[in-house]
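Number of protein chains: 4
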Amino acid sequence: MKKYQHRLELQVRDYECDIQGIVNNAIYQNYLEHARHQFLLSKGVDFIDLSSKGIDLVVVRIELDYKLPLRPDDAFWVGSNIEKISKIKIGFNQSIYRLNDERLVLQAKVIGAAIDNAGKPCRTTTLDSLFD
Amino acid sequence: MKKYQHRLELQVRDYECDIQGIVNNAIYQNYLEHARHQFLLSKGVDFIDLSSKGIDLVVVRIELDYKLPLRPDDAFWVGSNIEKISKIKIGFNQSIYRLNDERLVLQAKVIGAAIDNAGKPCRTTTLDSLFD
Amino acid sequence: MKKYQHRLELQVRDYECDIQGIVNNAIYQNYLEHARHQFLLSKGVDFIDLSSKGIDLVVVRIELDYKLPLRPDDAFWVGSNIEKISKIKIGFNQSIYRLNDERLVLQAKVIGAAIDNAGKPCRTTTLDSLFD
Amino acid sequence: MKKYQHRLELQVRDYECDIQGIVNNAIYQNYLEHARHQFLLSKGVDFIDLSSKGIDLVVVRIELDYKLPLRPDDAFWVGSNIEKISKIKIGFNQSIYRLNDERLVLQAKVIGAAIDNAGKPCRTTTLDSLFD
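Sequence order for the protein chains is D, W, B and U.
The first sequence maps to residues 1 to 132 in the numbering used here.
The second sequence maps to residues 1001 to 1132 in the numbering used here.
The third sequence maps to residues 2001 to 2132 in the numbering used here.
The fourth sequence maps to residues 3001 to 3132 in the numbering used here.
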């Protein structure tokens, strides 16, 4: 198993499951976003605070490979790594593992960028500081 | 603009937007799923009905390119095309366009498969019939 | 059936249903909120616009009576009436009916108030204008 | 502060907040449902298991008083008490408190019932056992 810079443990809630009895596809994006924001927060980058200053962190591309569905009450953890892609883009490699048997549930590549009020990509010292 | 086999018009609801004032990333998967299910239904394939018979249609991979954020009350449409990838996999090419100016909002490639009760991929005549 | 000042037709989306195969309880609040915002918009009161000016419309109390569960693909409509409760409170009486047989699905009483940046209730001419 | 038979600690996730920068009204119902299911599970009553046996636990009425909005990253806890209302109805009194200052966020009364496959209220020994 890969090493991760950040690890977040969570548990499936019943309302996150759909008619098939498994976690709905879109919900995994919630898990991944929450893990990314907690990861950034642990490094001193506050998504909410940046937004109030007119800098929005947005996702520009996401790739998700669904390997194994999570079910009600499953405990799992999200592992996240971050890498610098360019002056204005950062990448996250994220995986979700089921806690009881460490089986891979989902793999994700997420590319994010900072944009200003006008919707233009912008370079911020805040994100630069992630890779110092 | 590409031609689409299926078109669904929708409108952003305020609760789908997050603190940044734009539709949350995960919500686009809701839009895309709803469009796929309506598309399949229009071709006689009922997601709910299949599920009750022990055949689940699941997403195995999804790629999303976010081009332009949708905002409160924006009207938009989802265009969907379907293609056969293998005996057990089907692919959807889906795009979302803002209605008032036809600007591209999001592009998606979605690969789905049918799985049986044991979680194994299975071939169903129902899906085969999509490509007759 | 009562008369309503505002009527909004919607359709259940599969992802709104949970493991029991029926629309999840919390989702009805989404439907009701969307109907209220559309209703206010039709009377020239823009929830988003007010928020950007530092005035938040918030719900202070809600009562929901669940009569009949909605299921996948059910079409339904939300009927809404508004009344003035006090200088700073407004009330909504909302009902949801299934479209094909007009059976009552849910009844709701919602009390809302306008609050300012400090979280204090405030009187706005915008809301006053609703009852001129 | 009242005593509660069950206590569940949670934390607000950014995607649960809407344009106003506070947790969306409907999301509190998610929190309350999750707390009720965990509470029932701690007493040996499994919502999912019952559902697979054809017995659905449904909410028939809910009253919510919103006292104080939760914001991004707020930690909070849900306190839940259960009481028998009749042979087929049970009641939950639930409150949400912000963790750092124990201020009351929301108060709820929830009335639930068990229904069978035909949608009729039914008495189950499982629920009876809650009050032995």
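Check before you lean on any hint, since a few could be wrong.
Straight-line distance between alpha carbons at most 27 Å, and here's what the computed DSS-like set of lysine-lysine pairs gives [as the list claims (entries may be wrong)]: (1) W:Lys1109 - D:Lys84; (2) U:Lys3003 - U:Lys3120; (3) W:Lys1002 - D:Lys67; (4) B:Lys2084 - D:Lys120; (5) D:Lys84 - W:Lys1067; (6) W:Lys1053 - W:Lys1003; (7) B:Lys2084 - B:Lys2053; (8) U:Lys3053 - U:Lys3067; (9) D:Lys53 - D:Lys2; (10) B:Lys2120 - U:Lys3089; (11) B:Lys2089 - U:Lys3067; (12) U:Lys3053 - B:Lys2120; (13) B:Lys2109 - U:Lys3084; (14) W:Lys1087 - D:Lys67; (15) D:Lys87 - D:Lys67; (16) U:Lys3003 - B:Lys2067; (17) B:Lys2087 - U:Lys3053; (18) W:Lys1002 - W:Lys1053; (19) W:Lys1120 - W:Lys1067.
These aren't lab readings, by the way, just hints derived from the structure by calculation.
Okay, the hints, checked on the actual structure:
Taken as a hint, the Lys1109 (chain W) and Lys84 (chain D) pair is honoured in the structure, with Cα atoms around 25 Å apart against an allowance of 27 Å. With a C-alpha separation of about 34 Å, the suggested pair Lys3003 (chain U) and Lys3120 (chain U) falls outside the 27 Å cut-off, and the hint is violated. Proximity of Lys1002 (chain W) to Lys67 (chain D) is assessed by CA-CA distance (about 31 Å); at most 27 Å being required, the pair is judged violated. Proximity of Lys2084 (chain B) to Lys120 (chain D) is assessed by CA-CA distance (about 44 Å); at most 27 Å being required, the pair is judged violated.
Simply put, Lys84 (chain D) and Lys1067 (chain W) have alpha-carbon atoms about 21 Å apart, close enough for the 27 Å limit, and the pair holds. Using a Cα cut-off of 27 Å, the hinted pair Lys1053 (chain W) and Lys1003 (chain W) is violated, with the two alpha carbons roughly 33 Å apart. Our distance criterion of 27 Å between C-alpha atoms is met by Lys2084 (chain B) and Lys2053 (chain B), whose separation comes to about 23 Å. Between Lys3053 (chain U) and Lys3067 (chain U), the direct Cα distance comes to roughly 38 Å. Violation of the 27 Å bound is thereby established for this hinted pair.
Simply put, Lys53 (chain D) and Lys2 (chain D) have alpha-carbon atoms about 35 Å apart, too far for the 27 Å limit, and the pair is violated. At most 27 Å may separate the alpha-carbon atoms for a hinted pair to count; Lys2120 (chain B) and Lys3089 (chain U) exceed this at roughly 38 Å. Only pairs whose Cα atoms come within 27 Å are accepted, and Lys2089 (chain B) paired with Lys3067 (chain U) is accepted, the gap being roughly 15 Å. Distance check on the hinted pair: Lys3053 (chain U) and Lys2120 (chain B) sit about 49 Å apart at the alpha-carbon level, beyond 27 Å; violated.
Restraint check for Lys2109 (chain B) and Lys3084 (chain U): satisfied, since their Cα atoms lie roughly 25 Å apart, inside the 27 Å limit. Simply put, Lys1087 (chain W) and Lys67 (chain D) have alpha-carbon atoms about 19 Å apart, close enough for the 27 Å limit, and the pair holds. Taken as a hint, the Lys87 (chain D) and Lys67 (chain D) pair is broken in the structure, with Cα atoms around 32 Å apart against an allowance of 27 Å. With a CA separation close to 32 Å, the supplied pair Lys3003 (chain U) and Lys2067 (chain B) exceeds the 27 Å bound.
For the hint linking Lys2087 (chain B) to Lys3053 (chain U), the alpha-carbon distance of about 51 Å lies beyond 27 Å, and the restraint is violated. For a cut-off of 27 Å, the pair hint linking Lys1002 (chain W) to Lys1053 (chain W) is broken: about 35 Å separates their Cα positions. Using a Cα cut-off of 27 Å, the hinted pair Lys1120 (chain W) and Lys1067 (chain W) is violated, with the two alpha carbons roughly 35 Å apart.
In the structure shown, a violation is registered for the earlier hints numbered 2, 3, 4, 6, 8, 9, 10, 12, 15, 16, 17, 18 and 19, in ascending order.
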